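Given the sequences, and given the hints that come with them, work out the whole structure.
Listed below, chain by chain, are the residues.
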Amino acid sequence: MMLQIEEVTKHFGGLQALSGVSISFKAGEFVGLIGPNGSGKTTLINCISGLYRPDSGSIRFGHETISRLPPHGIYRLGIGRTFQISKVFNRLTVLDNLRIPALTEGKLHRREVDGRSREILKQIKLQQHGSLNAESLSGGQKKLLELGMLMMTDPQFLLLDEPFAGVHPELKSQLEDYLCQLNRNGKTIILVSHEMSSIFRICQRLVVLDHGVLVTDGPPEAVRSDERVINAYLGGAVEA
Amino acid sequence: MKGIFPAVLLIFAVLFPFLFRDYWLYVATISLYYAILASSWSMLAGHVGLISFAHAAFAGIGAYTSALLVIHQGLPVPVSVLVGALVAALFGLGIGALTLRMRGPYLALTTLGFSELFRISITAEYGLTQGSIGLKVPLMIEGDRVLSYYTGLALFVLTVVTLTGVLRSRVGLFLVAMREDEDGASTRGINTVYYRLVAFVLTSAFAGLAGGFYAHVVGLVSPQMTRIGEMGLILAMSVFGGLESLLGAALGAIILQGLTEYLRIFTEWRLAIFGALVLFTLKLAPEGVLPRAYVYAERLLDRWLGRA
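Chains as they are written, first to last, in the working numbering: chain A, 1 to 240; chain B, 1 to 308.
No lab work stands behind these hints: they were computed from the structure.
Here the structure is a predicted model, which means the values were calculated and not measured.
Every residue gets a Cβ at the ideal spot worked out from N, C-alpha and C, and that includes glycine.
The reader is advised that the hints may include incorrect statements.
To be verified - Only pairs whose alpha carbons sit at most 20 Å apart, straight line, appear in this in silico SDA-like list of lysine to any residue:
| # | chain 1 | residue 1 | chain 2 | residue 2 |
| --- | --- | --- | --- | --- |
| 1 | A | 107 | A | 156 |
| 2 | B | 136 | B | 123 |
| 3 | A | 107 | B | 103 |
| 4 | A | 107 | B | 170 |
| 5 | A | 172 | A | 202 |
| 6 | A | 87 | B | 103 |
| 7 | A | 87 | B | 179 |
| 8 | A | 87 | B | 183 |
| 9 | A | 122 | A | 173 |
| 10 | A | 87 | B | 49 |
| 11 | A | 87 | B | 172 |
| 12 | A | 87 | B | 136 |
| 13 | A | 107 | A | 91 |
| 14 | A | 87 | B | 181 |
Claimed, not checked - Covered stretches of chain B, as calculated for chain A (at least 3 residues, CB under 8 Å):
| # | segment |
| --- | --- |
| 15 | 171-179 |
| 16 | 185-199 |
Unchecked claim - A short list of chain B residues far from chain A (calculated; beta carbon distances all over 12 Å):
| # | residue |
| --- | --- |
| 17 | 8 |
| 18 | 101 |
| 19 | 133 |
| 20 | 164 |
Put into structure tokens, the structure is as follows:
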């Protein structure tokens, strides 16, 4: 297993955000993590990426237990993430935003970092914004910039929190294709999204959470026909 | 424009002893002490987003360390000043290691507490420090005012060049990223605690360096230099000049120190005047007076040159 979550529990005051969640992810999987608002999806991603420490349970990446590592340590092991509300560095230029992850890694010379950041800038179609501060970008463009920042260091395990939110519909289908391409190239992807049509189109497996509890885990077709999911979490029949 | 201004300022600073003597040269030398403190504090507050109230205390650590080493160990002044900076850096490392893992106001509160603790300790340790009377310290370069001024100028240039170099390096990029979004920075591989500590230790060292210099220019160190009012003055200088501009904060220090001399008749009311100045700056030019002056100067230049 590439990532193994065992009996992870997290609470905030009186709120039980995750209750004994256990999930395993194999290398190369494309998994959709779904559930209604407040179901614990982002809390789980925050636990995996090190922003939260689980109250109990463990998270293993390969042979290493990562549940006590700081976020930068987890990132360096090859787990990258994006955020539901984009966390780009608003008062730095778009190019500087792209440079940062590669500079933290320290593998590339500064000139190589510059070259790569311009290359990625083209791929995310923001080449006209390179020297502008990131605060001037739209919400959708910030989502693309976050993806671009991930691509700068090429992590093997991607945690994508609502990457389609605010992205122009035309760009959304390109983004879906791009994520599928990344997955074909060997990346393991966990995708959190409320865009059910996208989730069912591109994910090979779905994990459903509700009130911090794992409800079901399986192929999209099985989840689609699961009565509990349809009635409790998707609010009725799902249109792919 | 932004490149010309520092050059003009430096030329003026180099020529200053030829234009002014004695009293104003001494005032300018003391201004350089505050300029080092304000520019290093502005790096911490403006670029890293850390509010420390111990900057004056770190200057005090540098000053007392240097003074005691010269008096009791007979070390040469330049060596003792450097050791003072190193000791201030070590205190910065200790306080930083304790507090910089935490978020929010903990650093501000801890540094405030440490600052008072240090001031009370040096006041109480009469046998070593002469308490509130102050410790008489040998002057540097036998009290030569011109050479003392140039030493201060060299230390100030060293401070600004070093800190600017750090800010323009990848470390500077990381520091700004951390200030902008700490979670975003840490999940992109930045070890936020480590880099905050680097910035804190570095600026503490420069505060210590400034303190050592001050001790051997004035010839006296007393707990007065570490009181909270002094910290307020450094804060006022930085905000007035521009928190995100090292040179702006330094210029703020020089202007306010000059004003201090003019406003002597107002005694402690000077601080109230500075407080009002800070409030007006925050209201009218929150980025600081110097960055705003750049904008106006560029507009004037454009108009003068007939550019659109």
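Evaluation of the provided hints:
1. 107/A x 156/A: Status holds; Cα separation ~16 Å.
2. 136/B x 123/B: 14 Å, holds
3. 107/A x 103/B: Status violated; Cα separation ~30 Å.
4. 107/A x 170/B: 13 Å, holds
5. 172/A x 202/A: Measuring from Cα to Cα gives roughly 12 Å; hence the hint holds.
6. 87/A x 103/B: 18 Å, holds
7. 87/A x 179/B: 12 Å, holds
8. 87/A x 183/B: Measuring from Cα to Cα gives roughly 8 Å; hence the hint holds.
9. 122/A x 173/A: 18 Å, holds
10. 87/A x 49/B: Status holds; Cα separation ~17 Å.
11. 87/A x 172/B: 19 Å, holds
12. 87/A x 136/B: 54 Å, violated
13. 107/A x 91/A: Distance of about 25 Å is beyond 20 Å: violated.
14. 87/A x 181/B: 7 Å, holds
15. 171-179: Coverage by chain A holds here, the residue count being 4 at a Cβ distance below 8 Å.
16. 185-199: holds (count 9)
17. 8: At about 28 Å from chain A, residue 8/B clears the 12 Å cut-off, so the statement holds.
18. 101: Residue 101/B is in fact no farther than 12 Å from some Cβ atom of chain A, at 10 Å.
19. 133: Correct as stated: the minimum Cβ-Cβ distance to chain A is 48 Å, above 12 Å.
20. 164: 17 Å, holds
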